[in-house]
Amino acid sequence: PSQAKRHLPTILHQTLPPARHLDSSRSKNNSNVSESKHDMSFESFICTDHSFLSLLSTLGSPSSFWDASTPYHIASSTCEFLIILTFVVSTTSKNLSQVDKLWSILPAMYSFLCIIDHRTMLMALLSAMWSIRLTYNFHRRGGYSWPPWEGDEDYRWEYIRRGTLGGPWKLLTNQWIMVVFNFGFISLFQNILLLYIAAPAFVAWSVGMRRKVCDHDESESGSSAPDVCFLDFIAATLFLVALVMETVADNQQYTFQAKKYAWRSTNNNGGNKLHEDDKMINDTIRQYSDGFCQSRLFGIVRKPNYAAEQLLWFSYYLFSVAASGDYFNWSGGGFVLLAILFQGSGWLTEKISISKYPKYRDYQKRVPLYVPRMINLWFLLSSKGCGFDNKNE
1 PSQAKRHLPT ILHQTLPPAR HLDSSRSKNN SNVSESKHDM SFESFICTDH
51 SFLSLLSTLG SPSSFWDAST PYHIASSTCE FLIILTFVVS TTSKNLSQVD
101 KLWSILPAMY SFLCIIDHRT MLMALLSAMW SIRLTYNFHR RGGYSWPPWE
151 GDEDYRWEYI RRGTLGGPWK LLTNQWIMVV FNFGFISLFQ NILLLYIAAP
201 AFVAWSVGMR RKVCDHDESE SGSSAPDVCF LDFIAATLFL VALVMETVAD
251 NQQYTFQAKK YAWRSTNNNG GNKLHEDDKM INDTIRQYSD GFCQSRLFGI
301 VRKPNYAAEQ LLWFSYYLFS VAASGDYFNW SGGGFVLLAI LFQGSGWLTE
351 KISISKYPKY RDYQKRVPLY VPRMINLWFL LSSKGCGFDN KNE
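Quick note: the sequence shown, position 173, residue 173 per the working numbering, numbers continuous.
Each hint should be verified, as a subset may be incorrect.
Listed next, the in silico DSS-like pairs over lysine-lysine satisfying Cα-Cα at most 25 Å (straight line) [as the list claims (entries may be wrong)]:
hint : residue 1 : residue 2
1    : K359      : K260
2    : K365      : K351
3    : K260      : K170
4    : K356      : K259
5    : K260      : K365
In case anyone wonders, no lab produced these hints; they're calculated from the structure.
Could you put the whole structure together from the sequences, leaning on the hints where they help?
Written out as structure tokens, the structure reads:
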């Protein structure tokens, strides 16, 4: 026993690993456990149903919803940053159209974050087409300039600042109330809305990831369902129809306004004189005199570009229905809020138009705002107005 006690330190030293090896091994095991827990947490997040309530329940978990590898994290972080940025820039530059500069860019950017399969690729490409068209239209109207915080401001904000609309709008003539309005509605709400209307892409991403990560049995047997279906075709067709309609409407409005001001500049004296021998030219000049386009698409509905924009994002929502199989899912709130916004925006624009153009009330009686009548469709087929005739150049 005495010899064993005397040689015990030597025996322990020979049989037990050094402490530094123990620490290294323990650290490596902890790292593996941590990675395993992270993978399990990420997989459990991917394999949830991704309903609105289940997404809310993951907000406090840094290794699931907020994982840097998910588009949920990247998009929400970007949105938070842009809320602060647009508020600071619009407040310091006195130009409230800072979110407008991002309106045509962000939904497409969020959609590209979600590419995981054929459906999400199609959604990203369609949103890119919409983005390029709208960005170009905003650019040619003077929306972008250098430095980037300058550029034309939406003309409606000046009416609101002056209080010419009356009623509750007069509250916004107060500087501090306008600051609160700028943060709460312009910067906060509109940035969230731009993320929300792209939410169908996040639903499609979730379904695509679930198919890749969670449906092991189906993927191994090769019996998994295709990632596109007939409803995707319907959604893409509706999207393209709305995009074409929006493009035509914006071009008609842009051309009409350019020719109207050219006509006014060269016809200050006797400019309202009509030629009895050409009814088409008379109708065109009459619209120049009235101040607003009333032909072609604008003879069907008063705001064809607004109507097309609402149809476009409704069709985008159909992709999430095709992906999830749920006719009503949380991403539908995006186009619903957009439609509500257009009701208010359309009402504001109409109120300003009434104050500028005396004959606009008659136009309101003839032509609906967003939903066309059959008689207006016939008017489109028989009309050649809106300032497109070369004889009137």
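To see whether the hints hold, each was checked on the structure:
1. K359 x K260: 16 Å, holds
2. K365 x K351: The given pair, whose Cα atoms are some 14 Å apart, holds under the 25 Å limit.
3. K260 x K170: Since the Cα atoms of K260 and K170 sit roughly 32 Å apart, the hinted pair is violated (cutoff 25 Å).
4. K356 x K259: 18 Å, holds
5. K260 x K365: 23 Å, holds
In this structure, only the earlier hint numbered 3 is contradicted, and the remaining ones agree with it.
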